[in-house]
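K.L.:
Given next are the chains, with one letter for each unit.
Number of protein chains: 2
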Amino acid sequence: MVTPLRDTAPTLDTVAERAGVSRATASRVLSGDPRVSDRAREAVRAAAAELSYVPRQAARSLATSRSDALAFVVAESGEKFFADPFFAGVLRGAQVAAAERRRQLLFVVVSSDDDRARLEEYAAGGHVDGAMFLSVHGDDPLPGRVNRLGVPVVLAGRPPSRRASFPFVSPDNFTGGRLAAQALLARGCRRPATITGPRDMTATSDRFGGFQAELTEQGVELPDARVVEGDFTIGGGYRTMRQLLGSGEELDGLFAANDLTAVGALRALRERGLRVPEDVAVVGFDDVPIAVDADPPLTTVRQPLEAMGRQMARMLIDLADGGQATSVTLDVALVPRDSA
Amino acid sequence: MVTPLRDTAPTLDTVAERAGVSRATASRVLSGDPRVSDRAREAVRAAAAELSYVPRQAARSLATSRSDALAFVVAESGEKFFADPFFAGVLRGAQVAAAERRRQLLFVVVSSDDDRARLEEYAAGGHVDGAMFLSVHGDDPLPGRVNRLGVPVVLAGRPPSRRASFPFVSPDNFTGGRLAAQALLARGCRRPATITGPRDMTATSDRFGGFQAELTEQGVELPDARVVEGDFTIGGGYRTMRQLLGSGEELDGLFAANDLTAVGALRALRERGLRVPEDVAVVGFDDVPIAVDADPPLTTVRQPLEAMGRQMARMLIDLADGGQATSVTLDVALVPRDSA
DNA sequence: ATGAAAGCGCTAACAT
DNA sequence: ATGTTAGCGCTTTCAT
Numbered sequence: 000m001v002t003p004l005r006d007t008a009p010t011l012d013t014v015a016e017r018a019g020v021s022r023a024t025a026s027r028v029l030s031g032d033p034r035v036s037d038r039a040r041e042a043v044r045a046a047a048a049e050l051s052y053v054p055r056q057a058a059r060s061l062a063t064s065r066s067d068a069l070a071f072v073v074a075e076s077g078e079k080f081f082a083d084p085f086f087a088g089v090l091r092g093a094q095v096a097a098a099e100r101r102r103q104l105l106f107v108v109v110s111s112d113d114d115r116a117r118l119e120e121y122a123a124g125g126h127v128d129g130a131m132f133l134s135v136h137g138d139d140p141l142p143g144r145v146n147r148l149g150v151p152v153v154l155a156g157r158p159p160s161r162r163a164s165f166p167f168v169s170p171d172n173f174t175g176g177r178l179a180a181q182a183l184l185a186r187g188c189r190r191p192a193t194i195t196g197p198r199d200m201t202a203t204s205d206r207f208g209g210f211q212a213e214l215t216e217q218g219v220e221l222p223d224a225r226v227v228e229g230d231f232t233i234g235g236g237y238r239t240m241r242q243l244l245g246s247g248e249e250l251d252g253l254f255a256a257n258d259l260t261a262v263g264a265l266r267a268l269r270e271r272g273l274r275v276p277e278d279v280a281v282v283g284f285d286d287v288p289i290a291v292d293a294d295p296p297l298t299t300v301r302q303p304l305e306a307m308g309r310q311m312a313r314m315l316i317d318l319a320d321g322g323q324a325t326s327v328t329l330d331v332a333l334v335p336r337d338s339a
Numbered sequence: 000m001v002t003p004l005r006d007t008a009p010t011l012d013t014v015a016e017r018a019g020v021s022r023a024t025a026s027r028v029l030s031g032d033p034r035v036s037d038r039a040r041e042a043v044r045a046a047a048a049e050l051s052y053v054p055r056q057a058a059r060s061l062a063t064s065r066s067d068a069l070a071f072v073v074a075e076s077g078e079k080f081f082a083d084p085f086f087a088g089v090l091r092g093a094q095v096a097a098a099e100r101r102r103q104l105l106f107v108v109v110s111s112d113d114d115r116a117r118l119e120e121y122a123a124g125g126h127v128d129g130a131m132f133l134s135v136h137g138d139d140p141l142p143g144r145v146n147r148l149g150v151p152v153v154l155a156g157r158p159p160s161r162r163a164s165f166p167f168v169s170p171d172n173f174t175g176g177r178l179a180a181q182a183l184l185a186r187g188c189r190r191p192a193t194i195t196g197p198r199d200m201t202a203t204s205d206r207f208g209g210f211q212a213e214l215t216e217q218g219v220e221l222p223d224a225r226v227v228e229g230d231f232t233i234g235g236g237y238r239t240m241r242q243l244l245g246s247g248e249e250l251d252g253l254f255a256a257n258d259l260t261a262v263g264a265l266r267a268l269r270e271r272g273l274r275v276p277e278d279v280a281v282v283g284f285d286d287v288p289i290a291v292d293a294d295p296p297l298t299t300v301r302q303p304l305e306a307m308g309r310q311m312a313r314m315l316i317d318l319a320d321g322g323q324a325t326s327v328t329l330d331v332a333l334v335p336r337d338s339a
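Each protein sequence line maps, in turn, to chains F and V. Heads up, the first sequence is in numbering that gives the first Met the number 0, so the first residue is 0 and it goes up one at a time. Heads up, the second sequence is in numbering that gives the first Met the number 0, so the first residue is 0 and it goes up one at a time.
Please keep in mind that the hints were generated in silico from the structure rather than gathered at the bench. There may be inaccurate statements among the hints.
Said to hold, decoys possible - Straight line, CA to CA, 20 angstroms or less: simulated EDC-like cross-link-like pairs of lysine to aspartate or glutamate:
(1) V:Lys-79 / F:Asp-113
(2) F:Lys-79 / F:Asp-113
(3) F:Lys-79 / F:Asp-223
(4) V:Lys-79 / V:Asp-230
(5) F:Lys-79 / V:Glu-305
(6) F:Lys-79 / F:Asp-37
What the hints assert, rightly or not - Ranges between beta-carbon positions, derived for each pair:
(7) F:Asp-337 / V:Pro-159: 56 to 62 angstroms
(8) F:Arg-65 / V:Ala-212: 23 to 29 angstroms
(9) F:Arg-189 / V:Arg-101: 30 to 36 angstroms
(10) F:Pro-197 / V:Arg-22: 46 to 52 angstroms
The beta-carbon is built from N, C-alpha and C at its ideal position, and this holds for glycine as well.
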């Protein structure tokens with residue numbers, strides 16, 4: 000039971016007094032310093048518990064000049080954050096990892112230039128010990144600027160190589176693309192098509208690269224006419240699928256670069272009277288909840304969203320503690336359902 | 000351009016010195032205190048700008064014993080947060096409003112008892128100036144406990160009346176239910192059915208209440224056999240719709256208590272060979288992105304998600320500033336598409 | 001209108 | 001192993 004009324008909340012002094020030790024000793028106990036006698040340790044612990052003592056983060060932060068907070072930054076329009084469960088999945092993972100290590104998670108969406116300026120200012124103010132960026136496009140300078148302010152940065156997804164690179168956590172997009180191709184090939188597709196993600200994201204090029212590599216190795220052509228750029232939305236998937244269908248190109252398989260795109264494509268296919276997977280097999284990417292509930296249930300490449308969030312949070316904490324962080328690539332897996 | 004390196008970041012003293020005034024005056028200027036000469040004000044502003052000064056939140060917080068942070072608490076499983084864009088919509092709105100007023104948003108999901116304890120502790124530590132709760136079930140004691148710790152609380156959705164009530168922001172669920180009934184009736188439905196939300200949420204009872212009231216007034220029966228409880232998920236919608244369909248009850252209209260439920264129901268209907276809206280008209284609730292992209296596009300009752308988030312954030316800020324907050328009910332509107 | 005000074009609650013040398 | 005003592009950077013009386 001947590002009791003203190005806010006204005007009477009006990010301080011470390013209260014605890015120390017009650018335990019019959021100095022404030023310094025009490026502080027040591029509470030921060031796990033080994034150089035304290037068992038007797039003192041017990042007394043302090045007991046006192047803290049009895050008083051329901053909770054350290055004041057602001058005071059600690061001021062003394063240590065760390066904030067124990069991590070920023071979760073979505074560099075995307077609010078609309079996309081809203082529509083794509085991808086973000087929620089990663090967010091959830093990050094939150095769990097942060098909570099485990101007693102860090103708070105600050106949630107930020109930056110869409111406007113104003114938002115960006117505010118984030119920089121915020122980072123400059125020493126309000127966060129690190130920032131993880133999602134959905135970074137092209138060579139967005141924001142992560143670099145934040146990092147230059149002395150704040151550790153971790154990216155979701157591989158940064159474009161030309162840029163000073165930050166540690167990142169990425170699904171194995173290349174292999175994911177391969178898996179998608181294999182699934183289509185296994186279905187007997189000979190005229191595959193793909194709707195990619197936005198051209199300025201490495202997730203797009205990596206997935207496409209893997210997809211194409213596998214097809215080529217298996218001797219299957221992928222002409223430009225069967226490659227179109229999508230935008231990771233349902234609406235985009237619908238429109239680009241119609242475009243593909245209207246182009247006169249024959250096709251019998253589709254790799255949609257994410258599940259939302261696939262769902263949109265499914266609708267266009269259905270409207271056109273095409274059966275999935277009989278006429279056109281479809282493979283998505285992500286494995287967000289909607290994949291199971293699509294019609295037909297979507298065969299997709301699962302990327303471990305929560306694990307990505309967890310990893311990023313942990314890396315950031317290590318970095319903030321002065322440690323090193325090495326980028327990791329997480330395994331993806333084909334989840335076979337009915338669409339391919 | 001934001002420049003300071005973290006360890007050399009200017010403090011208020013630096014600014015004051017440069018402006019040729021005392022720290023106190025500098026502080027006054029920066030916090031908008033009117034009792035400063037124009038000369039001093041200008042000098043301080045200029046100095047702050049030149050130095051890219053950013054106040055240290057921890058120091059301010061320690062001095063004022065406010066945190067300038069708001070907690071966004073989802074009292075739900077991570078899974079649901081992940082699957083339902085409803086949360087992301089409200090979150091986005093809250094974040095925007097918080098940023099406008101220079102507050103930070105702490106994101107928290109509480110699923111386990113551990114999470115709950117941690118949140119209480121956190122609130123007791125004076126880490127947040129207020130907490131908004133989403134998806135509160137039944138008479139969950141958590142908001143009350145947090146409030147008792149001296150932290151202002153705002154709820155998304157009307158609390159059950161039996162409980163000490165907090166200010167809340169709610170869509171007009173009752174009217175929403177009515178609108179749904181009207182849409183169905185306008186389609187000529189005479190044998191409507193409904194899949195509600197979880198029984199322990201007021202959103203559920205209010206929507207159902209409005210739906211039923213309208214039907215009754217229009218002389219249309221709604222027997223118990225055509226009322227089933229859902230869980231606000233696609234899968235739940237699918238299962239309960241099958242259940243309804245299997246029960247032998249004839250029906251020609253469905254009010255699904257949220258869009259995810261409706262999407263699941265749509266699938267069950269399609270599998271059963273029933274046309275929407277010809278055989279069964281369907282109305283959802285929320286108007287999340289998936290509604291537009293459903294097949295057929297979903298007629299639904301829109302609730303202003305971002306506005307709810309904004310309102311809650313603002314109320315919390317007012318409350319934290321010692322003001323009052325009065326609960327608000329936000330308008331909902333029928334968005335006619337193809338499913339009804 | 002402005003400055004001096006006290007203090008918010010904690011951590012981290014530095015002594016002992 | 002423990003206590004003493006400075007701060008961390010800001011706000012806010014209280015004087016002037």
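K.L.:
I want to verify a distance hint. Is the separation of the beta carbons of Asp-337 (chain F) and Pro-159 (chain V) within 56 to 62 angstroms?
P.N.:
Given a distance of about 42 angstroms, which is not inside 56 to 62 angstroms, the answer is violated.
K.L.:
Holds or violated: the 23 to 29 angstroms window for the beta-carbon distance between Arg-65 (chain F) and Ala-212 (chain V)?
P.N.:
Taking Cβ atoms as reference, Arg-65 (chain F) and Ala-212 (chain V) lie about 56 angstroms apart, which means the hint is violated.
K.L.:
Quick one, are Lys-79 (chain F) and Asp-223 (chain F) close enough, alpha carbons at most 20 angstroms?
P.N.:
28 angstroms, violated
K.L.:
Quick one: are Arg-189 (chain F) and Arg-101 (chain V) within 30 to 36 angstroms, going by C-beta?
P.N.:
59 angstroms, violated
K.L.:
Keeping to a limit of 20 angstroms between CA atoms, is the pair of Lys-79 (chain V) and Asp-230 (chain V) held or broken?
P.N.:
Holds, at roughly 10 angstroms.
K.L.:
Does Asp-113 (chain F) lie within 20 angstroms of Lys-79 (chain F) when you go C-alpha to C-alpha?
P.N.:
18 angstroms, holds
K.L.:
Can the restraint linking Lys-79 (chain V) and Asp-113 (chain F) be considered satisfied, given a maximum Cα separation of 20 angstroms?
P.N.:
32 angstroms, violated
K.L.:
Measuring from beta carbon to beta carbon, are Pro-197 (chain F) and Arg-22 (chain V) in 46 to 52 angstroms?
P.N.:
49 angstroms, holds
K.L.:
Holds or violated: Lys-79 (chain F) with Asp-37 (chain F), Cα cutoff 20 angstroms?
P.N.:
The given pair, whose Cα atoms are some 54 angstroms apart, is violated under the 20 angstroms limit.
K.L.:
Against the 20 angstroms threshold, does the CA-CA distance of Lys-79 (chain F) and Glu-305 (chain V) hold or violate the hint?
P.N.:
Since the Cα atoms of Lys-79 (chain F) and Glu-305 (chain V) sit roughly 13 angstroms apart, the hinted pair holds (cutoff 20 angstroms).
Hint compliance for this structure: hints 1, 3, 6, 7, 8 and 9 are broken, all remaining hints hold.
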